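Residue 1 is where the sequence shown starts when you use our numbering, and the numbers rise one by one after that.
Bear in mind the hints are in silico, worked out from the structure with no lab data behind them. Bear in mind the structure is a predicted one, so any value in this text is a computation, not a measurement. All C-beta atoms, glycine included, are put in the ideal place defined by N, C-alpha and C. Take these hints with a grain of salt, some might be off.
Said to hold, decoys possible - Now the in silico label distances, taken between C-beta atoms and shown as ranges:
hint, residue 1, residue 2, range
1, D59, R27, 33 to 43 Å
2, V121, V31, 11 to 21 Å
3, G36, S147, 24 to 34 Å
4, A167, P46, 36 to 46 Å
5, E162, R119, 33 to 43 Å
6, Q180, A82, 30 to 40 Å
As the list claims (entries may be wrong) - Computed list of lysine to any residue pairs in SDA-like fashion (alpha-carbon distance at most 20 Å, straight line):
hint, residue 1, residue 2
7, K173, E117
8, K173, H142
9, K173, D81
10, K173, R119
11, K173, V161
12, K176, V121
13, K173, T103
14, K176, Q165
15, K173, A2
16, K173, A7
17, K176, S57
18, K176, V158
19, K176, W160
20, K176, M105
21, K176, V30
22, K173, I107
23, K173, I111
24, K173, A82
25, K176, A47
26, K176, P20
27, K176, M1
28, K176, T72
29, K176, Q61
30, K176, E17
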Amino acid sequence: MAVTNNAVIGVALGYIEANPDEMDLMRSLVVLALHGPAIAARSTTPAHVTCRAAIVSPDWQVLEITDSATSTWHLPGGHVDAGDSSLLGAALGLAARRAGVETNMVIPDGIIPFDVEARIVEAAPTRGEPEHVHYEMTYLFHVEDRSLAVPDSVSTRVRWVEPGQVAGQLGEKLTKASRQSRLVP
Numbered sequence: 001m002a003v004t005n006n007a008v009i010g011v012a013l014g015y016i017e018a019n020p021d022e023m024d025l026m027r028s029l030v031v032l033a034l035h036g037p038a039i040a041a042r043s044t045t046p047a048h049v050t051c052r053a054a055i056v057s058p059d060w061q062v063l064e065i066t067d068s069a070t071s072t073w074h075l076p077g078g079h080v081d082a083g084d085s086s087l088l089g090a091a092l093g094l095a096a097r098r099a100g101v102e103t104n105m106v107i108p109d110g111i112i113p114f115d116v117e118a119r120i121v122e123a124a125p126t127r128g129e130p131e132h133v134h135y136e137m138t139y140l141f142h143v144e145d146r147s148l149a150v151p152d153s154v155s156t157r158v159r160w161v162e163p164g165q166v167a168g169q170l171g172e173k174l175t176k177a178s179r180q181s182r183l184v185p
């Protein structure tokens, strides 16, 4: 069963409740989901939802991957598949496929995304894709052991970085969460 627009709206409203200062960003997503085609479908323009997994070790190192398709380090993630039944499940599945993380060995931080960012994706005329926006839903997962990430593909590499090395607002949120977790006994 595919992720429905109503499910995306529910996730967006939960995110707004937890992050009221980000309401303007989420308002656009909710309007698109209310009045448009399947917002989780890869082909939906002018925007659609994608998912990422921010996987952290007990000492708050963050898993990043790189592969032969890209030369940059990034969180495991991608488009939501038609067979995904939730955004959280999509993020977990992408972590398993892209980074080799065993799904039964991770603990989700919650059912609401840890972070959401809107990212403009340039047009790809060779693929027939116009410029569009990805609403990247990033879910936070905890692992007990860094060795759990073992990519299936020889062309994929993994590394663990400090939260502050993750770009953008997500890096700031991860750094703050890392500091707060270290204060809790």
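Straight-line alpha-carbon gap K176 to T72, limit 20 Å: violated (24 Å)
20 Å Cα cutoff - pair K176, V158: Distance of about 23 Å is beyond 20 Å: violated.
Holds or violated: 36 to 46 Å for the Cβ distance of A167 and P46? violated (24 Å)
For the pair supplied as a hint, K176 and W160, confirm whether the alpha-carbon distance does not exceed 20 Å. holds (18 Å)
For the pair supplied as a hint, K173 and I107, confirm whether the alpha-carbon distance does not exceed 20 Å. holds (18 Å)
Starting from K173, check that the Cα of I111 is at most 20 Å away, please. holds (17 Å)
Is the hinted pair K176 and Q61 satisfied, with a Cα-Cα distance of at most 20 Å? Within the cut-off at roughly 13 Å; holds.
K176 and Q165: Cα distance at most 20 Å? holds (13 Å)
Verify the proposed pairing of K173 with R119, using a straight-line Cα cut of 20 Å. holds (17 Å)
Cβ-Cβ distance between D59 and R27: within 33 to 43 Å? For D59 and R27 the Cβ distance comes to about 37 Å; the hint holds.
Using the Cβ atoms, figure out if G36 sits within 24 to 34 Å of S147. violated (43 Å)
What's the verdict on K176 and M105, does the C-alpha distance respect the 20 Å limit or exceed it? Violated, at roughly 24 Å.
When the structure is compared with the earlier hints, violations turn up for hints 3, 4, 5, 9, 12, 13, 15, 16, 18, 20, 21, 24, 25, 27 and 28 and for no others.
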